[in-house]
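Participant: Single-letter residue listing:
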Amino acid sequence: MRKLLFQSLLLQLPLTERAPTPEEAQLAELAQNVGSAALSRLGRSLSIREVDAGSCNGCELEIHALSNAFYDVERFGLRFVASPRHADVLLVTGPVAKNMREALERTYAATPDPKWVVAAGDCAANCGVFAGSYACVGPVSSVIPVDLEIVGCPPSPTDLLKGLIALLAPSSLRKLS
Amino acid sequence: MAWLKETLRQGRPANVAGARSRVIVDEAPWIAAGERLAAGEGSLLSLWGDTDTVNLAALEDESVGVLTLACPTGRFPSIGRLHAPAIRLERTIRDLCGLEPFPATDTRGWLDHGRWGVRQPLGRRDPATATGDAYAFRLAEGPPMHQIPVGPVHAGIIEPGHFRFTANGETVVRLEERLGYVHKGVDRLMAGASIDEAAKLAGRLSGDSTVAYAIAFAQAVEAALGLAPPPRAVWLRALMAELERIANHMGDIGAICNDASFSLMHAHCGILREEVLRASQVCFGHRLMMDCVVPGGVAVDLAKRGRTALRRLTTTIKRRFPELVELYDSTASLQNRTVTTGRLSAELAQQYGAGGFVGRASGRAFDARKLPGYPPYRELRFDMAVRDEGDVDARVWVRIAEVYQSVGLIEQILEGLHGGGLSASLSRQSAAADGREGLALVEGFRGDVLAWVRVAPDGTVARCHLRDPSWFQWPLLEAAIEGNIVADFPLCNKSFNCSYSGHDL
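So the sequence lines, in the order shown, correspond to chains P and E.
As numbered in the working numbering, residues 5 to 181 make up the first sequence, in order.
As numbered in the working numbering, residues 25 to 529 make up the second sequence, in order.
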């Protein structure tokens, strides 16, 4: 184990890649959705609670990847937490399955204010291929208010990172709002 | 002895083409099939309902077939009564189609939580209130017992499901799962969908197995329409399937160690997983290779830079992975958590026909790539890793061995990849078509994925049934956790890594 640790430390350059810059469109979307009072609290370290409300698990795979050495999401102060009670941000995936609606509503209610909701993936944004099913309520925004959407099927870790970094760019947000 | 072959020979062919892969049977052979399965002769592959029939897919030696029983009275003789692995599938048939197994083994709903606003969505479609059904968990009662409800929203970045533990102090006495939270009504969406739309849905039943599902659905459609995909497409499919297998094994081996608080393995396995996904992106333009396999062939060719990326990937894995395996093998604190934890007996693995590494780590030597087998694997060399211990450690070792086998397969595929076309046209249907219905069994990373499809005369999907390997693995997790401490549940659960979405449909 020590050999592997020393090798990684001394012989290998860091794998972590440079931070992508957020899309202007996402910043504008946030500026429009987030009130100025709440805006002043963004830009700090944020705790994220991931909620799968009906996804196929593809989005979860890419959200997991955010924590690997290439993307290292924690360097931005973004942290995945185990309870909505510890969270600032709910990162919700999937078309909201009717069987998950109540769980999502309760998770949202359990998250202290101020809180933001990011809908990740095409399904969360518009139900994707599951649109029209008897078993789906609709996109995340039909159940809880959404502040930011990150599209893709699934969104790549870089796409996810761009969206999440937008939450950390309050100065640019203030300019836009 | 070969009851399945005999039943298929004696039953009435279910379709115009007269193919004997699906036959209509009476109640007697239906019940006999349940008894044979219960006696350990063959494995249950799936059980599903149609408008007014129930269908049972079974595997015995190399033969795979479907028995269909008409249920004009809305009832059918319960297979679950004879063979427990069928119970959840029968509850699903009742929920979706309204056909009742008798005598009923478990009258509680399974996928239907009473929230859809409709009952029997594949059957009578009765409007209903959506206020939610009460659910009676099976409890172990007595003074020292306490219950721990977990989920549907879990602590990690994972899918939703509910686990109800009954514990005696730290020891789990009983675990009961309640699933169905991510039911998205895929079977209904499939009915009437075009082949292209249905293929997209199949590829999103369980995102981690998107390639396996896409191949299974494509093979079923090709069997229904009598199409043969060109050789290059078949080989590229195998290439994608092996990349998917390595990516998932890498991610899970790391995650299992992480659940034992050994994050170093997690970090390094995460890097290798990312390398696989990036190579997949270079080769096929999508990290998870979604929608790259389509009925008739493949949608994308291996990119020019793909070969180089894959050569680099296999070299990297062969150089770095053995160090990680060595680390896993030589860290006593980690082994202390995985060895003898979450043991699954060989008898249960056999009874439930547990697919994938769950079965193979408990002595069930089954791999759909070998038997019944499908192209191009007959032309490729690989060994099946089988262990007998049945614990978390054995499941990790099976997956380690499979990483190496898949690397070997990728190298063989790169060497032997044929030139030629990528896709056969769906409109060019052959007269040899199997009555416009087809069955396929494909080995995903998690185990065998079953796809059965019936194509309507207008070329749309009339009915499609997809069965995730998790159907037969979830119940076994309940058995494997018994007698373990609650704190080892994440470890056991991750070592199974069943799909919620794939199961919930």
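I should point out that these hints are in silico values taken from the structure, not numbers from a laboratory.
Keep in mind the model is a prediction, meaning the values are calculated, not measured.
One thing to keep in mind: the hints can contain errors.
[As the list claims (entries may be wrong)] Here are a few chain E residues that sit away from chain P, every Cβ distance over 12 Å (derived from the structure): (1) Gly64; (2) Thr129; (3) Arg311.
[Stated by the list, open to error] Here are a few chain P residues that face chain E, going by a calculated C-beta distance under 10 Å: (4) Leu17; (5) Pro24; (6) Thr25; (7) Ala29; (8) Asn37; (9) Arg48; (10) Glu54; (11) Leu65; (12) Glu78; (13) Phe80; (14) Gly81; (15) Met104; (16) Ala139; (17) Pro158.
[Said to hold, decoys possible] Away from chain P, derived, C-beta distances all over 12 Å, residues of chain E: (18) Ala154; (19) Thr190; (20) Asn192; (21) Lys208; (22) Ala217; (23) Glu299; (24) Arg336; (25) Lys342; (26) Arg344; (27) Ala409.
Cβ coordinates follow ideal geometry from the N, Cα and C atoms, glycine included.
Participant: Look at each hint and say if it fits the structure.
Facilitator: Here is how each hint holds up against the structure:
1. The claim that Gly64 (chain E) is not at the interface with chain P holds, since no C-beta of that chain comes within 12 Å of its own (minimum 33 Å).
2. Non-interface call for Thr129 (chain E) relative to chain P: holds, since the shortest CB-CB distance, roughly 23 Å, exceeds 12 Å.
3. With a least CB separation of 6 Å from chain P, Arg311 (chain E) falls inside the 12 Å interface cut-off, contrary to its annotation.
4. Nearest Cβ of chain E to the Cβ of Leu17 (chain P): about 13 Å, over the 10 Å cut. The hint is violated.
5. Hint status for Pro24 (chain P) relative to chain E: violated, with the closest Cβ pair at about 15 Å, above 10 Å.
6. Contact between Thr25 (chain P) and chain E, as hinted, is not supported at the beta carbon level, the nearest pair being about 21 Å apart and thus beyond 10 Å.
7. Given the 10 Å rule on beta carbons, the hint for Ala29 (chain P) is violated: about 23 Å separates it from the nearest Cβ of chain E.
8. With its C-beta approaching chain E no nearer than about 24 Å, Asn37 (chain P) sits outside the 10 Å limit, and its interface hint is violated.
9. The interface hint given for Arg48 (chain P) is violated, since its Cβ lies 22 Å from the closest Cβ of chain E, which is over the 10 Å cut-off.
10. At a threshold of 10 Å, the smallest CB-CB gap from Glu54 (chain P) to chain E is about 5 Å, leaving the interface hint in force.
11. The restraint placing Leu65 (chain P) at the interface with chain E holds, with a minimum CB-CB distance near 6 Å, inside the 10 Å limit.
12. Hint on Glu78 (chain P) is violated. Least Cβ distance to chain E is approximately 12 Å, over the 10 Å limit.
13. For Phe80 (chain P), the shortest C-beta to C-beta distance to chain E is roughly 17 Å, which exceeds 10 Å, and the interface hint is violated.
14. Taking 10 Å as the C-beta cut-off, the interface hint given for Gly81 (chain P) is violated, the closest approach to chain E being about 18 Å.
15. Interface restraint check: Met104 (chain P) against chain E, minimum CB-CB distance 5 Å, threshold 10 Å, status holds.
16. Interface hint at Ala139 (chain P): satisfied, since its Cβ lies 4 Å from the closest Cβ of chain E, which is below the 10 Å cut-off.
17. The beta carbon of Pro158 (chain P) is positioned within 10 Å of a beta carbon in chain E (closest approach about 7 Å), and the interface hint is therefore held.
18. Residue placement check: Ala154 (chain E) does not keep its beta carbon more than 12 Å from all beta carbons of chain P (closest about 7 Å).
19. Under the 12 Å C-beta cut-off, the non-interface status given to Thr190 (chain E) relative to chain P holds; the minimum distance is some 22 Å.
20. Every C-beta of chain P lies more than 12 Å from that of Asn192 (chain E), the closest at about 25 Å, which supports listing it as non-interface.
21. The Cβ of Lys208 (chain E) sits about 5 Å from the closest Cβ of chain P, inside the 12 Å cut-off, so the non-interface label is violated.
22. Annotated as non-interface, Ala217 (chain E) brings its C-beta within 12 Å of a C-beta of chain P; the closest such distance is 9 Å.
23. With a cut of 12 Å on Cβ distances, Glu299 (chain E) falls inside the contact zone with chain P, its closest approach being about 9 Å.
24. Annotated as non-interface, Arg336 (chain E) keeps its C-beta farther than 12 Å from every C-beta of chain P; the closest such distance is 15 Å.
25. With a least beta-carbon separation of about 16 Å from chain P, Lys342 (chain E) lies farther than 12 Å from that chain, consistent with its non-interface assignment.
26. Residue-level check failed: Arg344 (chain E) sits 10 Å from the nearest beta carbon of chain P, not beyond 12 Å.
27. Non-interface status of Ala409 (chain E) relative to chain P is upheld: no Cβ of that chain comes within 12 Å, the nearest being about 24 Å off.
Checked against the numbered hints above, the structure violates hints 3, 4, 5, 6, 7, 8, 9, 12, 13, 14, 18, 21, 22, 23 and 26; every other hint is satisfied.
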